[in-house]
Amino acid sequence: MSMMILGIQPIISCNFFTNHETSKDMVLWSKKRRRRRRIVCLSLSSDNSSYNAGNKRKVVEHICLLKAKDNLSEEEEKDMLDYLYTSQYHMRGIVAISVGRTTDQNPENYTHGMCMRLHRKEDLTKFYESPFYLNILKEHVTPHCHDWLYVDFEDEVNNDILAIFRKGEEFNYGVEYVLLIKFLESALNGPADDALASLANLVVQFPSLIVQSTQGRNFNPKNKEYTHGVLIRFRSVEAQQIFLDSSEYKHIWGSKLQPLCQKTLSFHFPIDPHNTSNTANNGNTNSCFITIA
2 MSMMILGIQP
12 IISCNFFTNH
22 ETSKDMVLWS
32 KKRRRRRRIV
42 CLSLSSDNSS
52 YNAGNKRKVV
62 EHICLLKAKD
72 NLSEEEEKDM
82 LDYLYTSQYH
92 MRGIVAISVG
102 RTTDQNPENY
112 THGMCMRLHR
122 KEDLTKFYES
132 PFYLNILKEH
142 VTPHCHDWLY
152 VDFEDEVNND
162 ILAIFRKGEE
172 FNYGVEYVLL
182 IKFLESALNG
192 PADDALASLA
202 NLVVQFPSLI
212 VQSTQGRNFN
222 PKNKEYTHGV
232 LIRFRSVEAQ
242 QIFLDSSEYK
252 HIWGSKLQPL
262 CQKTLSFHFP
272 IDPHNTSNTA
282 NNGNTNSCFI
292 TIA
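For the sequence shown, our numbering begins at 2 and goes up steadily by one.
Because the hints were derived from the structure by calculation, they are not lab data. Cβ atoms here follow ideal geometry from the backbone N, Cα and C, with glycine treated the same way. Treat the hints loosely; a few may be bogus.
To be verified - Quick list of in silico lysine-lysine cross-link-like pairs, DSBU-like style, CA-CA up to 35 Å:
| hint | residue 1 | residue 2 |
| --- | --- | --- |
| 1 | Lys68 | Lys264 |
| 2 | Lys59 | Lys257 |
| 3 | Lys257 | Lys79 |
| 4 | Lys223 | Lys122 |
| 5 | Lys139 | Lys251 |
| 6 | Lys225 | Lys139 |
Said to hold, decoys possible - Pairwise CB distance ranges (calculated):
| hint | residue 1 | residue 2 | range |
| --- | --- | --- | --- |
| 7 | Asp80 | Leu185 | 35 to 43 Å |
| 8 | Glu77 | Val205 | 22 to 30 Å |
| 9 | Asp194 | Lys223 | 36 to 44 Å |
| 10 | His252 | Ser74 | 17 to 25 Å |
| 11 | Val238 | Pro108 | 16 to 24 Å |
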């Protein structure tokens, strides 16, 4: 994996500097070395960068949208989101989780969202069947929600740790944007894929606005309401608005996507660790990532 570049440290004997370098040269060498490492880190930090463009790895995205009851208290909300978020510490195969409450109304009245990434489809199957997760639903979700929706799809991201695990400073903030689409049946065998490819090609042209984007066909057997899902991590609320209001996006939407859509749903929630209260990660409920052995 490309992240191994960051972990390689050159082994140099003490005599190297004693015999060949002055103290001034040591400082210059150290500065140049640190600068090179910073450049490598920056190139890996965004999935929209050209770094490692030909080396991809499949991941599975699990999206869960919830409709909370009107009488949900702040304490009950915190409890529900905390338990969903910390499920990653108890089940193997989970790569990253973000949870949050939407700040805008949507036609379907979904109030909360969870975006989970897993390594493989097999990990998702185990997640659904996990007694621990089923108990979370029974004890901490079902009592506070009257409906929920699952969408699962598979896509590829750059094959490095920052992109796979949604890890790094860029992923600590921003907006999680979900677009669910039900394409016309006549569009499923080709036109829908072409339309989504046009959207994907557009997304990579906006690295200053978008950290990462994935999309794919929904394979959840219990959800026939939507055929495809798109997940975009915007850098900020402003970045999301700029992209959605851009003439380029409106052109793709109006000419490629909308004519093929039978139904759509957009949903977003903010990612800001300073505005959360989960003590499991020093106050960060929205951004924590663990490596699964």
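Quick rundown of the hints versus the structure:
1. Lys68 - Lys264: 19 Å, holds
2. Lys59 - Lys257: Between lysine 59 and lysine 257 the Cα gap is close to 26 Å, so the pair holds against 35 Å.
3. Lys257 - Lys79: 40 Å, violated
4. Lys223 - Lys122: 15 Å, holds
5. Lys139 - Lys251: Violated, at about 42 Å.
6. Lys225 - Lys139: 24 Å, holds
7. Asp80 - Leu185: 35 to 43 Å: 41 Å, holds
8. Glu77 - Val205: 22 to 30 Å: For glutamate 77 and valine 205 the Cβ distance comes to about 40 Å; the hint is violated.
9. Asp194 - Lys223: 36 to 44 Å: The hinted range 36 to 44 Å is violated for aspartate 194 and lysine 223, with Cβ atoms some 23 Å apart.
10. His252 - Ser74: 17 to 25 Å: 44 Å, violated
11. Val238 - Pro108: 16 to 24 Å: 20 Å, holds
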